[in-house]
Each structure stands twice: as C-alpha cells, then as structure tokens.
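Protein chains in written order, with the numbering used here: chain U, 25 to 308; chain C, 13 to 358; chain L, 131 to 390.
Hint data in this document are derived by calculation from the structure and do not stem from the laboratory. All of these numbers come straight from a predicted model, not from anything done at the bench. Do not take every clue at face value.
List time: in silico DSBU-like cross-link candidates among lysine-lysine, alpha-carbon distance up to 30 Å [stated by the list, open to error]: (1) 173/L to 38/C; (2) 351/L to 93/U; (3) 210/C to 351/L; (4) 155/U to 170/C.
Restraint-style ranges between C-beta atoms, simulated for each label pair [what the hints assert, rightly or not]: (5) 295/U to 218/L: 20 to 26 Å; (6) 299/L to 219/U: 51 to 57 Å; (7) 43/U to 215/L: 17 to 23 Å; (8) 249/L to 278/C: 26 to 32 Å; (9) 295/U to 162/C: 54 to 60 Å; (10) 155/L to 51/U: 17 to 23 Å; (11) 295/U to 167/L: 30 to 36 Å; (12) 282/L to 115/U: 29 to 35 Å; (13) 156/C to 71/U: 56 to 62 Å; (14) 51/U to 59/C: 50 to 56 Å; (15) 59/C to 69/U: 48 to 54 Å; (16) 295/L to 301/U: 39 to 45 Å; (17) 71/U to 299/L: 52 to 58 Å; (18) 295/U to 214/C: 40 to 46 Å.
C-beta atoms are modelled at their ideal positions from N, C-alpha and C, and glycine is treated no differently.
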Amino acid sequence: MKKMRTENAVIGIVSGWLLIFGVIPILLLVTTSFLTQDATGFFSFSFSLASYKQILDPGYIDVVLRSLKLAAATTLSCLIIGYPFAWFTARMPKNRRVVILILLMIPFWTNSLVRTYAIRMVLGTNGLLNKTLLATGLIDTPLRLLYTDTAVILGLFYLMLPFMILPLYSNLEKLDYRLVEAARDLGAGFVQIFRKVIIPLSLPGIFAGCIMVFVPTMGLFYVATLLGGARQLLVGNLIQQQFLNARNWPLGSATSVVLILLMALMLAGYALVIHRLAVRSRRS
Amino acid sequence: MKIFNKLAAVALFAILSSTPAVAGEKVYVYNWTEYIPESVLLEFTEETGIEVVYSTYDSNETMYAKLKLIQKDGYDVVFPSTYFVSKMGREGMLQPLDRTLLPNMKDLDVNLLDKVYDKGNVYSIPYMWGSTGIGINSDVIPADEVTSWKNLWDPKYKGSLLLQDDMREVFHMALKIKGYSSNSTDPAEIEEAYLLLKDLMPNVLLFNSDSPRMPYLAGEVNLGMIWNGEAWMAQEENPAIRYVYPKEGVNLWVDSFVIPKSARNFKNAHAFINFMMKPEIAKTCVEENGYATPILTALPLMEEKVRNSKTIFPDKEMIAAGEFQTDVGDALKIYQQYWEKLRSGN
Amino acid sequence: MKPVRFLFFTGIFTYLYVPIIILVVNAFNINRYGLHWDGFTLKWFSAMFANTGLMEATRHSLVIAVCAATTATAIGCFSAIAFNRYRFPGRRILQGTLMTLMMAPDIILAISLLVLFVVIGISLGFWSLLLSHVTFCLPFTMMTVSARLNGFDPFLLDAARDLGASERQLLGRIVLPLLRPALLSSWLLSFTLSLDDVIVSSFVTGPAYDVLPLKIFSMVKVGVKPEVNALATLMVVLSLVLVIISQLFLKERDKNEDIQ
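All chains, please: the whole structure from these sequences, using the hints.
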C-alpha cells in the first residue's frame, strides 16, 4: 500500500503541474485565437476567423517571411562557425576540451540582455568596431550597423552560438575517427571524406543544432528591440505588440498558433530525418 | 557536501529575510520615462516618509494595456495624455480625485483646467504640457535646412530619421501637411495621411519613445521627431542639438495625474500629487526635463535662461500654429489599423 | 592545421568576449558614454547601489530565482522518476507536453500563461511570476535528472527491493542521494535561466514585483547607462562563480562514479 501512495503522490504532482501549466494554457491560447477583439477588453466570446484572415494580409506575411529569413541567416552563420568549432574541440585532448567548453559557456551563463547591450555598444556609430575600422583606415565614414537587420543577426548569432555548438559537439565527440582513417587508407581525398563520411555521420547533430537555434530565434523580441530599430523585425515583436500594446489578443494568439505550427513542422521534419538515417544505418 | 548545504541554507535565509524596509508606506507611480527627476522622488520620501515605487512606459497604448491587465493591487498614480484621460474616464477605469487632499491646486493655471477631455477636472490634474516637433543636430545638418514637417520626406534622408513610437503624433505630421486637423475623425482624411506616411517609411531608421534624445546624442540619428523636453535635455550635453517648430505646426499635448480604480494607496497618491504641485518642485521638474508646467507660481522661481527658452515655453504664434491633441473617440480604431500596417512594413 | 585552428579559436573567443570586456572596462570609466577613457572611478557602482528601484528589482529576481530553481528541481526530479519508473495513463501526452515546453519559443509560453492567469483570475505579481518560471525551467531539470537516472544500475534497485525496501525508502535512501549531482546542476541551471528571463517576465509580472532583467531592459532600451555597466560587471562575476561551482560538481560526480 505504501508503494501505491508514494507512487501516486509523485505522479499526481507531476501530472497536475503539467496539466495546469502546460496543457491548459496552450488550449486556451488556441481558443483565444478564434475569438474576436474587444474595444475595451482583451477579447470577447464570439467565434470568428478574422484573426487568421488578418494573418494572410501581405503586411503580416512580410513580417513572418522576414523573421524566417533572419532566423535562417542566424542558423546558417551559427552552423558555419559552429561546425568547425565543434570539430576542432572534439579532436582535442580531453583536458583542453574542458577548458574550451568552459570558455564557451561563461558568456552563456551571463545574462543575455547584458550581452545584447554589450553588442549594441560595440556596433554603435561611435562604438568600438567603427572606431577600430576608422583608426586602421579601412573605412572613411562610420558604418551604419546599429538599427539594421545585420545588427540583429549579429546579436542573435552572439546569443545562440552555444546552442549550435553543444549538440554538434556531443555528436562529433562520439564520431569514430577510425572510419575517417579507413576512408583515407582507401585513398579518399579530404573533400570526399568530408562529404561521404563526416557529414552523414554528423547529420543528427547538425539538425539538432539547427533546430535549437532556429526555433527560439523567432521569439527573441528584445534583441530586435535593442538592435533593430525601425520595423517589427521578428514575429516575437508582433506577438508582443498585440498583447501588450494593441490589445488584440485573438490576433496575437493566432500569430502564436502559426508560430507553433511552423515549429511543429520543423520538429516533424527533424524526426523524419532522424528516422530515415536510423533506418539507413540499420540497413548498412 | 554538508557544508555546502548549510551555506546554501544560510544564503537562502539571508536573501528571503532581507524584507525589512519594505513594510512602510508606499506609492506606486507609473510614468513616462524621464519625466520626474530622481531628486524630486527622494525629496518626496524625505518629506512624507512614503516610498516611491517607480515604473515606466513609453506610450499611452502600453500604459492602457497594462492597466487593463491589472484588476487589483495596481498603480496609484499614472500620467495619461488628454485623449486617454477621456477614454479611461469613459470606461470607468479612474477614480474621482478628492479636492480636499489637494490644496496646492490653487496655483494651477486656469487656462489648462476644466477642459473638454475632463470637465470639472473630476479625474485629472494637468502635470506638464509640451509639444512634439523636429529635432536636429545642427553640427551635421544646417538648422535652416529644415523648417517644415515636409522636409522629413526628402529622399536624401533615407534610412536616417527617428520617429516617435506614437500613433497620434506620427499621424499629426501627415494630417497637418495635408491641411487637416490633427484630431480628424474623417476616415478619408486619415487614409490620405496614411498614404503620405507610407512614403516616409523608407526614411525611417528607428521608432523610439523611451528617451528619444539618446540616439541623437550617440550620433546614430541627426534628424527626426522629438519632444521639446528631450531636446532641452539633449542640449545640456550637446548644444548642437536643436528643437525646431515646423511651420505646419507642432503637436501640443498635456499629460495629467490620474488615479486608477485599481489603486491601493489612495491617500498616498493624493499626497504625491499635492507634493508635485508645489512651486519649487514644479520648477525643478521644468529645469531638469524641459517641459512646461501649469503651476504659475513656479515661473518667477526659474532662471532667466529657462523662463525665456522657446523650447520649453513656445510663444503665442507657435502655439497658435500648433494644435492640441484631443479625443477622437471611435476613430481611434481607424488610426490603429493604419498604424499597424505602417509598423509591419506595409 | 595548428596555426589555422589557433587563429580560428582566437577569433571566435575575441568576438564572444570583447563586448563583455568593453562593458566591464566602461563600468570603471568616468566618461558616461564609453566613447573614450577619461579615468578610473567607482562612482557608477555607488550610483547603482543607491538606485533603490534597481536594488529592489535585483532582490526580487534573486528570490524568484531561488524559489523557482528549488521548486523546478523538485518537480523535475519527480517527473524524471515518474517517467522512468512508473506506468500511468497519459504518460505519453505529458512527456510530449514537456518536450513541447522545452522546444517552444519563450514567448508562446509567456502569452499562454498570461491568458491562463487572466482567465483564472490570478493577479499578476509574485505568484504568477513564480509559477511561470517553474514551468519553463521544468523541462531542463527533468532532462538533467533523467539523464542521470537512465545511467543507473537497475540491479541496485532490484536488490534493495528484494531486501524489502518500500518505494518511499527506495526513493529517499537510494535514488535521491545518487541523484544529488544532477539535482545540483539542475538547480544551478534553473537559477540561471530564471535570472536571465526577459520574455516570460515581461508578460506575467505585476506593478508590485519588478524584476532585474525588465529593469535593465527599460534602462538600456535606448542607450548606454553607466549604472547598468556596473551591474553587468557584477553579473559577469556571478556567472564566473556559477560556472566554477558547476564544474566543481561535475568533478565531484566523476569522482563518485569512479568510486562506484
């Protein structure tokens, strides 16, 4: 009997919490997206598809597309820099590896707002970057970096790099280097080895890293606010505006639902790829 | 491990029990950024013993949305602009003020009282008034080059302007250029303004209402909209930054003290408002923030330079050319829709 | 390869650390805007400590972080145990929910919780903040504990069961102590996540409960604020300390595993 009680208590707490704060809020969100905007409140209880229609408005689609582009650019830059980083680190002797990883993590443990603010100081017209470039004579007039899309990408890259490196690293660490050596013994060149051996083996890591960077990026509105400037750069800003400024909760909820669907699509794609790879490796 | 556990417990206890000085009298003030000097808040606490818990917002809309979210235990004193005073009053979000607790009201300029947005001043007392005009860094752009709102549309300013993140103020520019009232409720006129503003968007670098003077001071922006007070504060640090009254007219506004229904420290709120109406306090606010005060007895106390500043106190012609903001009622929705389109890049 | 690799790492770490270094240096710079070095001063630190609003927000953040980390670690631990050891209806759905919580952008979490609080009628302040923070830390604590739990020798637990131990004794005397390193690292992780949170807090907190990231955000939205530089310096130091502590615990775990 004791066993039942402890077990039930544990299960009860866990299920209760997840149900109240996990499942129900999402359901409420989806429900709200089908309500109508209220002039004085947040939403009124009448069913309508108006919010979803508004999302199809070219202006909104523009914002979503722009966010996707920014997220993609960030993911790509993280991948291009992160992959060599993870590879080199995985190849290092164990004690050096730990040092490198700690050095990588220290900025990560620093408050992300503080780091975004720091990047902002560097990118300003009178900031360090421009000062250095002017001093070395590489440019004549200061570059306009702050309040542009470039600044946002640089900021997002700065915040998200560890999220790309860690999954890649944990994958590459387990890579059996003997496969690479075997391929070399068989006469394959570096490019061939890379394409045919290393990339396929590291695909799970690559995908995990990409998802861990791409998905959160769409929602990081404060980076866009601090570094971006003129336009509602990210979907996250749109949602924030709708909830905290324009008070159009149905529209904000609908936008979030779209974001959730996009995210689910990506995760499903990821699961599919992993499954295919597993099947393929089982066959070979 | 045991030692660590003990240390952790001690630290936890220390943090949680550092709740001491928080049990006294408080007043929760929700205000525009950079609108009350820190020294004034400290003086208030010294004089009355009431602690001020200060939060800020950068637009009326954000303030309104926040107030809607807080049903109880909310803010005690808030500073909406005129048309929001009427809106919030209509919707029953405000508490009527208790005149007996506000003896300093006698010093107020009667020209700013009993206005259409709050007849009889049931809910509000004017705090400060000012205008929104053109800010310019005369070191980079010669000051005589920009004399009208229309100048901002010049293609040579592509991607370089600062605009206030305020719907009514941005529309004011376009409506005035077209010759309409900035308080227009005519959908056709508002649409024309919107189309004109669409052309302006490529020139915009950023929207900002938090501390608009910062980008000017940092050299990121040399031209755009700005509040007169922000320009005054910027001049203290960089005299090259000027405030220009465009010929079509500035946007004139009044911000008032109100007490929301969800306030919990009614008496303290009144004590705060009464304190702020003292002539010496009003003088400090004007000198530090650069906006005009309705407290007449404060004027003789000010330095010459402050009293004569056209940035803070526009002369009669400038006021006549400008237009005071008033309520547009349901037309606000139309403005909102176009504003969203502009902000989402369309 | 060697010089290329060296250059590469140097480049990356320069990019990662230079902004932070500038921040720290400017915390001691007399010049407000950090445009050039005017001289050494500690006045920004004293300005920071004198700023009661900032200090109050810091206190609030620390309280929330400690409470949220503790609660999230506890519930995360229970979740890991429940999913690992027990079978019960709805297990798959709940596991899926947890995964979704982790992968979802913070903003979706934030607004769905806001809708919940408004509908239920919980007023926004300390409790709404705490409940939200626990919720977004939960997936991380669960995963950390789970990873360690999965590495357990099942025979150990079977042996204890054979000797007559009840479930409660099993959990209390064997499982939990062995989980301690994982519990500590999830606590540290939750603490950091909670202190770092901007998005969720900006939606669910109320007037009475301002938190540090939001305070900083409103201060830096447009420009450089020297008191923030001072605060940032302290936060960098705090992160260093946390990293060192977590590394020490990893070493401890390795030691324990060697013993086992």
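Quiz item: Which of the stated hints cannot be reconciled with the structure, identified by number in ascending sequence?
Solution: When the structure is compared with the hints, numbers 10, 11 turn out to be violated.
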